[in-house]
Amino acid sequence: MPDGPRTGWWARLPAEGEPGSPAQRVLAAVLGDAFPAGSVVDLPDGRLPGGWQLLVRADVAGDRVRSVQVAMPTAPLLWYVELPEPAAAPPATTLVAFSDARFADGTVLTAAEARRAGVRGEDQVAALRWWTGPGLVHQVYVGPAARRRGVGTKLVQVAYGVQHARGGTPLHGDGRRTDDGEAWSRALPAHAAWRVAERTERLPSMTPA
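Quick note, the sequence shown lines up with residues 35 to 243 if you use the working numbering.
Hints may contain errors.
[Claimed, not checked] Label pairs and their in silico Cβ distance ranges:
| no. | residue 1 | residue 2 | range |
| --- | --- | --- | --- |
| 1 | G84 | E119 | 34 to 40 Å |
| 2 | P118 | G152 | 19 to 25 Å |
| 3 | E119 | G201 | 31 to 37 Å |
| 4 | P53 | D97 | 21 to 27 Å |
| 5 | A151 | T108 | 23 to 29 Å |
| 6 | E216 | L111 | 39 to 45 Å |
| 7 | V94 | A151 | 21 to 27 Å |
| 8 | D97 | R149 | 35 to 41 Å |
| 9 | G167 | E216 | 35 to 41 Å |
| 10 | T234 | L82 | 20 to 26 Å |
| 11 | G80 | E147 | 26 to 32 Å |
| 12 | A145 | A217 | 38 to 44 Å |
Just so you know, the hints here were simulated from the structure itself, not pulled from any lab data.
From a predicted model like this one, the values you see are computed outputs, not experimental measurements.
For every residue, glycine included, the Cβ atom is placed at its ideal position computed from N, Cα and C.
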């Protein structure tokens, strides 16, 4: 398991939205022990603390997440389409990642916005699905051409930010994984790796032979 700090706190920063747009809030996940683990601290001066890992922008009213930035400067640009599945049993959410320059890094689109923009599913580079209630990751997939570049690690942290912005149970993984998934989990940073259980079951690869 990688070394390094595992827990941290959240900074709540003022957010400036577009005129006429819904009021927004910004939450920054910060590694370190300056405040009790998991606490939310208001920083009215708007200065981003050192050690931040996630920057989540969401509407104050409702559950719309606008963007999630990750402190991974060497990872590819990614933007996302969120696909809620409230009728699934149990209810789930899928976050699909794309890596072209049509949108700024971290942008999260709704399904309707993606349709209007002409986004095609076949252009995706990765996807993550989780059970929304318990926060349990169900599937993680990264296309072969995008592997070993930090895409999966970045995607799972974005999903963690989306889940947190809605007050859900923190995202975590159980012990069922493919060989690719096991290699990926072993390379996660400490603040993410401890949320993934030791492997208990080997699953078949999601990549067609």
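Evaluated hints:
Distance hint check: the CB atoms of G84 and E119 are about 37 Å apart, consistent with the given range 34 to 40 Å. Restraint check, P118 to G152: a C-beta distance of roughly 21 Å satisfies the suggested window 19 to 25 Å. The beta-carbon spacing between E119 and G201, approximately 19 Å, falls outside the hinted interval of 31 to 37 Å. Evaluation of the 21 to 27 Å hint for P53 and D97 yields a pass: the beta carbon distance comes to about 23 Å.
For A151 paired with T108, a C-beta distance near 27 Å keeps the hint of 23 to 29 Å intact. Between E216 and L111 the beta carbon distance is about 27 Å. The supplied range of 39 to 45 Å is therefore violated. A hinted range of 21 to 27 Å holds for the C-beta pair V94 and A151, which are about 25 Å apart. D97 and R149 have their C-beta atoms about 20 Å apart, which leaves the hinted 35 to 41 Å range violated.
Hint check: G167 to E216, Cβ distance near 26 Å, so the stated range 35 to 41 Å is violated. The hinted range of 20 to 26 Å is not satisfied by T234 and L82, whose Cβ atoms lie roughly 39 Å apart. At about 27 Å, the CB distance of G80 to E147 agrees with the hint of 26 to 32 Å. For the hinted restraint 38 to 44 Å between A145 and A217, the CB-CB distance of approximately 31 Å leaves it violated.
Hints 3, 6, 8, 9, 10 and 12, counting from the list given before, are not met by this structure.
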